[in-house]
Amino acid sequence: MKGERIQTNVLSVQVIPNADANLLKNLGAPEGHRSLGIFTADCDDVSYSALDEATKKANVSVVYARSMYAGSGNASTALAGEFIGILSAPDPAEIKSGLDAAVDYATNDAAFYTANDDGSVVYFANLISRTGSYLSAQAGVPEGTSMAYLIAPPAEAIVALDAAVKASGAELKLFYGPPTETNFAGGLLVGDQAACREACEAFAAAVEKVAMQPFDY
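Read in order, the letters of the sequence shown are residues 1 to 217 in the numbering used here.
By construction, these hints were calculated from the structure, which means they are not laboratory data.
One or more hints might be untrue.
[Stated by the list, open to error] In silico lysine-lysine, DSS-like type, Cα no more than 25 Å apart, as pairs:
id, residue 1, residue 2
1, Lys209, Lys2
2, Lys96, Lys56
3, Lys96, Lys57
4, Lys25, Lys96
5, Lys56, Lys173
Note that the structure is a prediction, hence the values are computed from the model and not measured.
Please work from the sequences and hints to get the whole structure.
Pasting the structure below:
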């Protein structure tokens, strides 16, 4: 059914209280960080947003974040899913706080939605009122910037990104050209909170229009 929320499932959560020094070095962990937290999930863009949320709720850094190829429907193993994220922190308590924030956000806040009645087209239009350190660095903007995180299948995403920018005046700061590892596309738009909310709404409406009328040209 159109507009249905798709639940993200966190598949594994692990903590390394005192990680190996060479592992920390290879991950690029900041000086003084000795603990790691790892989680996997079946949705990558929700999880990237969740990592950013973790940086706002705990003294953690995102040291690794990658999507798995082809998408969650083609996951290679039961716990691999579509995404792996790794946080670093000075101690295990901060790691656990960061992981708690990430898991809660991935489970209860951000989500993909269906764009058509049979659920064969989905999109992600996530309003982030203020960015944390991770997405700020990705987009090259100051922490605390309002952001619209927009993702959809390739053709739908291009049409909808254009609609989102034109409707809102928000600026496209980072373009995810198709195909991403999961065969989608999209981008990060920034502006004031009202503009980013309008961008999310326009993006969702445009994806739904393409999904329902794929030959309307």
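Right, here's what the structure says about each hint:
| no. | hint | result |
| --- | --- | --- |
| 1 | Lys209 to Lys2 | holds (11 Å) |
| 2 | Lys96 to Lys56 | holds (14 Å) |
| 3 | Lys96 to Lys57 | holds (11 Å) |
| 4 | Lys25 to Lys96 | holds (21 Å) |
| 5 | Lys56 to Lys173 | holds (21 Å) |
When held up to the earlier numbered hints, the structure conflicts with none and fits them all.
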